[in-house]
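Mapping of the sequence shown onto the numbering used here: residues 2 to 261, in sequence order.
Misleading hints may appear alongside valid ones.
As the list claims (entries may be wrong) - Keeping only pairs whose Cα atoms sit at most 30 Å apart, straight-line, the calculated DSSO-like set for lysine-lysine is:
id, residue 1, residue 2
1, Lys-218, Lys-203
2, Lys-137, Lys-181
3, Lys-118, Lys-98
4, Lys-199, Lys-181
These aren't lab readings, by the way, just hints derived from the structure by calculation.
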Amino acid sequence: MRIIILGSGSIVPTQQRFGTSIYIEEGENNVLLDCGPGTLEKMRRLSLSPFTVQTLCLTHFHIDHVTDLLPLLKLRAYTEEGLPNPRPQHLRIFGPKGLRKFLSTVIDDNEYFSYVKTLMRYESYCVIEEADPWRKYSIGGLSLTMAPVTHDFGAAYRIDTPHASVVFSGDTSINTDIIKLAEGADILIHECSFPSEKLVGKHVSERELGRILEAVKPRVLIVSHLYPIWEKQLHRLVEELEKGYRCRIIVPSDCLELIF
2 MRIIILGSGS IVPTQQRFGT SIYIEEGENN VLLDCGPGTL EKMRRLSLSP FTVQTLCLTH
62 FHIDHVTDLL PLLKLRAYTE EGLPNPRPQH LRIFGPKGLR KFLSTVIDDN EYFSYVKTLM
122 RYESYCVIEE ADPWRKYSIG GLSLTMAPVT HDFGAAYRID TPHASVVFSG DTSINTDIIK
182 LAEGADILIH ECSFPSEKLV GKHVSERELG RILEAVKPRV LIVSHLYPIW EKQLHRLVEE
242 LEKGYRCRII VPSDCLELIF
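Hey, can you work out the whole structure from these sequences and the hints?
Shown next as structure tokens:
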């Protein structure tokens with residue numbers, strides 16, 4: 002399994018991080034988790050093809066998680082050479098309840114972007130699925146499960162493969178559903194937006210993430226959604242997390258590639 006952290010940050014860019022996006026490759030399966038700003042450019046820089054992604058899982062509809070969604074939908078109507086593609090490869094898009102309304106509002110009913118529907122006919126090559134919580138979906142031989150999280154009707158996802166299981170929290174505050182979803186997982190990709198003394202909104206601090214680690218006990222933790230306030234104190238983040246359950250802790254910057 003190959004995991005590439007395309008975006009490990011927030012809406013506020015730094016030299017190391019911007020937006021949220023995770024690329025997972027398992028055999029012939031290519032899965033994209035969120036599609037934040039810079040996703041497509043980073044994929045190209047890393048010689049990854051946005052034309053061959055088979056599954057896109059959106060955790061929620063905030064700007065830093067969906068900015069590159071429309072460019073992705075549009076480019077799929079073209080070939081690698083930039084010519085109209087008569088047979089675009091299908092893209093399966095999962096999201097929480099509200100996905101269809103979001104696409105309708107942003108594309109179908111938007112006079113500036115509606116051509117993605119009328120000319121590109123994105124619905125002819127995209128399969129839109131509002132995921133039912135806790136239902137297991139088969140994606141190319143892999144198993145996908147969605148659980149609700151406490152962040153503006155958001156979702157977390159679990160992917161089970163023959164080699165490993167991966168859970169991606171998206172944005173969330175601490176809650177029992179993310180712990181239930183991640184039980185027994187090998188790899189936990191979890192947000193840690195702010196330090197505990199500066200925690201803002203429905204997010205997780207290092208203290209709460211430590212509690213989640215104690216409950217879930219993954220082999221590997223990959224920390225995501227880091228705001229710039231963390232940049233000069235990442236050592237503190239790791240030290241705090243290591244006080245509890247001990248596992249391999251990775252604090253990535255964008256474009257980090259990991260093999261499991």
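Results for each hint:
For the proposed pair Lys-218 and Lys-203, the alpha carbon gap of about 23 Å is at most 30 Å, so the pair holds. Between the alpha carbons of Lys-137 and Lys-181 the distance comes to roughly 14 Å, so the proposed pair stays at or under 30 Å and holds. For the given pair, Lys-118 sits about 21 Å from Lys-98 by alpha-carbon distance, which is consistent with the 30 Å threshold. The suggested pairing of Lys-199 with Lys-181 holds, with an alpha-carbon distance near 27 Å, which does not exceed 30 Å.
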